[in-house]
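Participant: Sequence:
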Amino acid sequence: GNAVSYTLTLESIGGSGMVVPGYGFILNNELTDFDAASPHPNAPEPGKRPRSSMAPTIACSPTGALLAFGSPGGSTIITTVVGIAVNLIDLGLPLPEAIAAPRISQRNSGSSQIDGGFEQSAIGQSLIGLGHVLEPVPEIGAAAGLIIRPDGTILAAAEPSRRGGGTAMVVDPQP
84 GNAVSYTLTL ESIGGSGMVV PGYGFILNNE LTDFDAASPH PNAPEPGKRP RSSMAPTIAC
144 SPTGALLAFG SPGGSTIITT VVGIAVNLID LGLPLPEAIA APRISQRNSG SSQIDGGFEQ
204 SAIGQSLIGL GHVLEPVPEI GAAAGLIIRP DGTILAAAEP SRRGGGTAMV VDPQP
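Counted the way this note's numbering counts, the sequence shown spans residues 84 to 258.
Treat the hints as calculated values from the structure; they're not laboratory data.
Check the hints yourself; a few may be wrong.
[What the hints assert, rightly or not] Distance ranges between label pairs, derived from CB positions: (1) N125 to I237: 23 to 29 Å; (2) L217 to G100: 29 to 35 Å; (3) I206 to I141: 24 to 30 Å; (4) G107 to P139: 19 to 25 Å; (5) Q203 to V103: 42 to 48 Å; (6) L213 to Y89: 33 to 39 Å; (7) G130 to G200: 42 to 48 Å; (8) G175 to E128: 43 to 49 Å; (9) S135 to V103: 37 to 43 Å; (10) T236 to S194: 16 to 22 Å; (11) A168 to V216: 37 to 43 Å; (12) G147 to P243: 26 to 32 Å; (13) T146 to S121: 25 to 31 Å; (14) L176 to M101: 37 to 43 Å.
[Stated by the list, open to error] Lysine to aspartate or glutamate pairs mimicking EDC-like chemistry, simulated, CA-CA at most 20 Å apart: (15) K131 to D118; (16) K131 to E113; (17) K131 to D116.
Just so it is clear, the structure is predicted and the values come from calculations on it, not from any experiment.
For every residue, glycine included, the Cβ atom is placed at its ideal position computed from N, Cα and C.
Start from the sequences, fold in the hints, and give me the full structure.
Facilitator: Below, the structure written as structure tokens:
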């Protein structure tokens, strides 16, 4: 069979706030991904595209399972997807728990953003002990994913509390 991992992100809730007349879709505000501080390799200039964090992910496990997952969230996409991959592959968490786990996002600044529960986690406490500054934010990402098990059963999971709640699904096109 086939698998697709697809990411749609507007950069922030509501994107640019502009709807394309006659088509009804919202334009993103991805230009915020440029760095206005000049000189900077990611400074805006004619013909240049801003960096992109899109990371729809598909992974095959040694057991034959197929994973497909991703998240919107602008520049937090990278850390969201990496965190889910670590939770699944390295820590062996089941898909729903891997997606629901508290998150951290670091974007080359003096502090790291965290969402609910991360500060109390073992990793959060270790980082605080090492002097890291953790900045709570309402949410990081809004992931959804699925796993196709070797026996053919499919488990879909989405955020239980962030914006993605209930968006994962399995579609069986067969009659």
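Participant: Confirm or reject each hint.
Facilitator: Hints, one by one, checked against the model:
1. N125 to I237: 23 to 29 Å: With a Cβ separation near 39 Å, N125 and I237 fall outside 23 to 29 Å, so the hint is violated.
2. L217 to G100: 29 to 35 Å: 31 Å, holds
3. I206 to I141: 24 to 30 Å: 26 Å, holds
4. G107 to P139: 19 to 25 Å: 23 Å, holds
5. Q203 to V103: 42 to 48 Å: About 43 Å separates the Cβ atoms of Q203 and V103, which means 42 to 48 Å holds.
6. L213 to Y89: 33 to 39 Å: 37 Å Cβ-Cβ, so the 33 to 39 Å window holds.
7. G130 to G200: 42 to 48 Å: Given a distance of about 43 Å, which is inside 42 to 48 Å, the answer is holds.
8. G175 to E128: 43 to 49 Å: Once the Cβ atoms are compared, 45 Å apart, the range 43 to 49 Å for E128 and G175 holds.
9. S135 to V103: 37 to 43 Å: 20 Å, violated
10. T236 to S194: 16 to 22 Å: 42 Å, violated
11. A168 to V216: 37 to 43 Å: 25 Å Cβ-Cβ, so the 37 to 43 Å window is violated.
12. G147 to P243: 26 to 32 Å: 27 Å, holds
13. T146 to S121: 25 to 31 Å: The hint (25 to 31 Å, Cβ to Cβ) is violated, given that T146 and S121 are roughly 50 Å apart.
14. L176 to M101: 37 to 43 Å: 39 Å, holds
15. K131 to D118: 12 Å, holds
16. K131 to E113: OK: K131 and E113 at ~12 Å, within 20 Å.
17. K131 to D116: Since the Cα atoms of K131 and D116 sit roughly 12 Å apart, the hinted pair holds (cutoff 20 Å).
The structure fails to meet hints 1, 9, 10, 11, 13 from the earlier list, while all remaining hints are met.
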